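Since the structure of chain V is provided, determine the placement of chain A on it from the hints.
Residues per chain are reported as follows:
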Amino acid sequence: MSGRQPVLTMTAISKSFPGVRALDGVDFRLFPGEVHALMGENGAGKSTLIKVLTGVYAHDAGDIELAGQQVSFTGPMQAAAAGVSTVYQEVNLCANLSVAENIFIGREPRTLAAIRWGEMRRRARDLLARLDLHIDVTQLLGTYSLAVQQMVAIARAIDIQARVLILDEPTSSLDATEVEQLFRIMRQLRDEGIAIIFVTHFLDQVYGIADRITVLRNGRLVGEYPTAELPQLALVEKMIGKELDVLESLDEQSKRDLAALEASTPFLQAEELGRKGSVAPFSLTIHAGEVVGLAGLLGSGRTEVARLLFGADRADHGRTAVDGKPASLRNPIAAIGHDIAFCSENRRTEGLVGELSVRENIILAMQAARGWLRPVPRRRQDELVDKYVKALSIRPADPEIPVRNLSGGNQQKVLLARWLITEPRLLILDEPTRGIDVGAKAEIQKLVVQLSDGGMAVLFISAELEEVLRLSHKIVVMRDRQLVTELANDHTVDADRVMQTIASGTHHEGPEA
Amino acid sequence: MSNSKARWDAVTAHSLFWPAVALVALLVANTIYRPGFLSVEMKDGHLYGSLVDILRLAAPLILVGLGMTLVIATGGIDLSVGSMCAISGAIACLHISQQPDQNALSGVLVALALGIGLSLLLGAWNGALVSIIGIQPIIATLILMVAGRGLAQLITEGQIITINSEPYKSVGVGYLLTLPLAIFIAAGVALLVAAVTRRTALGMIIEAVGGNAEASRLAGIRSARITFLVYVISAVCAGIAGFMVTANVSSADGNAAGLWIELDAILAVVIGGTSLAGGRFSLSGTILGALLIQTLTTTVYAMNISPQTSLLFKAVVVIIVCLVQAPAFRARFARRRPAAPAAPTAADQSKEQVPA
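Chains as they are written, first to last, in the working numbering: chain V, 1 to 513; chain A, 1 to 356.
Okay, chain V solo, but in the shape it has when bound (with noise of 0.2 Å):
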């Protein structure tokens, strides 16, 4: 491959954002023929460098060269129309047209004045049978089923004579057999020529379609490899990177004995819990005074397990046990009747009320808890707000303000505090410290360690393993939407062992879901 031209290569491409520096000189190659796996965490410039590629943002230095021209788009459609089309995570057809109208639409065609309908539906099926889908194109899109979308969103794409085709993370809605459809299709594209951007969470796809592999990391390139040479583990490394602390030194969470910890009766236990097409059957136990933390890449399934064992999202399959006896943990008012708390990481779309204000949004929980006929008093309320204000040093510390106006760090806290004034014996954090500054982060981990001793159980999910493994007593691994295994938290476990776990997984796959 390396004797023949690349079709797209970028050079030095920066673009920064206000206070963010969101790629830093990155190089990118793309040969004909072949499927590129564009890798990186959260936040590493996958979609950046999409972006800048497809002109939706233009880029502030560095070349774009497409089949030997130099190129630099104003937007998707003037990207489509020089051959690099895109085909995004969330199906963006219509489901109200049909088939055939979603393939042409924009570009029908057509007479003088009419659409010419029957030359419209010839061509989609021409065009699906390519793909080896036989389906009826009258029919409106919304009728079948997600991967058939995919497919079309891809009929579309490679339509408009693409040369370079970007999948951005295609897979993430689609089960086993409906990867494999996918993936037997972008076989046929690549031997046909099309080169293929495939960006995606999972591990396994990668090593199973891409030939090459590019890293980013922190907006930097890390490095471009062929899949043959780059173990698993070896990858994951260099996806996660072995940063540099640069939080204050927390003592490593006094590592208490496991074994006395968890003699006790579990607070909640999960057997086979799962929810088809959003994670596998897991069981987990978690005991008071106990901090579970969750490893394992974006998509994994660390969510998803956090908001089943909340009640957020309803489980289709196994039980839940609060203290031991049989309970339904099946919405969220159940899941807080048995004392348990939800941080979530979107904190904007599923924690705050952002036109709320700081106090009201700290005793929202505790509120509805009581039903609105009885309200908190305020001044128990005005007690309340004042006295975790100023134990999670809250900035401003003005409760009235509407708590939009908050930074990420600030924002957090405050949804920490409406749980934890309602005194919570499980406070499931989500994310807690994605996004936020330094300062802030450590104040959140310190906490953490101070709710545990004084009783609390925790679930823990962090996509920074460092954080993981400081704070917490076991740490279970999700990969590729399972529970892989456990592990104790003893001095036999550091990040490689984990990254190891995350990388190859050690546990044996059950029959699909």
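Incorrect hints may appear among the rest.
[As the list claims (entries may be wrong)] Calculated from the model, a selection of chain A residues having no Cβ within reach of chain V, i.e. all distances over 12 Å: (1) Ser-170; (2) Ser-216; (3) Leu-218; (4) Gly-279.
[What the hints assert, rightly or not] One-sided and incomplete, this derived list gives chain V residues near chain A with beta-carbon spacing under 7 Å: (5) Ala-334; (6) Ile-336; (7) Trp-372.
Note that these hints are calculated values from the structure, not bench results.
Just so it is clear, the structure is predicted and the values come from calculations on it, not from any experiment.
From the three backbone atoms N, C-alpha and C, an ideal C-beta is built for every residue, glycine too.
This is chain A only, laid out in the frame that chain V set:
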């Protein structure tokens, strides 16, 4: 200087500043046109004057607007309030018309109870469609908006029921302590709604549900119950307004009673600073909005603007108020005008554009 400027900025930034300015401007315009406009005189122990009339005539709109405010705050909308007015007015008038003595207080009280009871039922119907079945509010309440007119027609058997009942009539045109009774009723309901929402946690929970439904669900709020409740409150408010509307004319007309009041009510809510997207709501803003709309209507009559152009006139004023209220529009308007030599800030510029 800078201190008073800061205070002035705070005043203009208040969500009710521009509607209040518009209301004052309208009153001033009326006074210029007809110098006696503001005068209020005492006759037979009753106060008379345009201002009293505006308050009295605005009462039904205020009532409907209060309920509408809560519905809109949850992110919903209630189009059926006009039909509710007609239905509750019709059932009350029907009951009174069947009494041997239409002036008997007991008969009138039963009539009012019947109207409120039916409103509760219909509000529960709306609430169930939206919160339990999950139909979009605009569609769910459209059902009763259309079918409700038919229901009112059924109650009146297609006729206009005319009654001759002093106690009932007083709901619309009676006096208490020199002022129209309707003003007291509207004020009483407003205080009650304010107490129910702000003395309990209902108001905050409504705002949470309307502001971010998913976050509210994850905080353990039973949002279905809250949604159900606001439609019931809205229906009862509309039912009481229906008594006033029919009492004003001592007759129940299934077709005309409360016609298009839902649109005026929505307008009053929006002018009052409550977003149609839900979230924060302002009851006092809605009351101000209703007063503004009623003043506008009175102005149109008082100035003898021809019926053909009166709706257009109303529309123009409403558009101006809504635009001036929008921060985005004000900022844009301020930018359009180049800074004065002394280079005052954009904010300085914008507040000199006093509208209307």
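Evaluation of the interface hint that places Ile-336(V) against chain A, nearest CB under 7 Å: Check passed: Cβ of Ile-336(V) comes within 4 Å of chain A, closer than 7 Å.
Consistency of the no-contact label for Ser-216(A), given chain V and a CB cut of 12 Å: 7 Å, violated
Interface-negative label, Ser-170(A) against chain V, beta-carbon threshold 12 Å: 34 Å, holds
Hint validity - Ala-334(V) Cβ closer than 7 Å to any chain A Cβ: At about 9 Å, which exceeds the 7 Å cut-off, the nearest Cβ of chain A leaves the hint on Ala-334(V) violated.
Beyond 12 Å from each Cβ of chain V, as asserted for Leu-218(A): Nearest chain V Cβ is 5 Å from Leu-218(A), so the label is violated.
Reported absence of Gly-279(A) from the contact zone with chain V (all CB gaps over 12 Å): 5 Å, violated
Satisfaction of the Trp-372(V) interface hint, Cβ to chain A closer than 7 Å: 4 Å, holds
Of the numbered hints listed earlier, those contradicted by the structure are 2, 3, 4 and 5.
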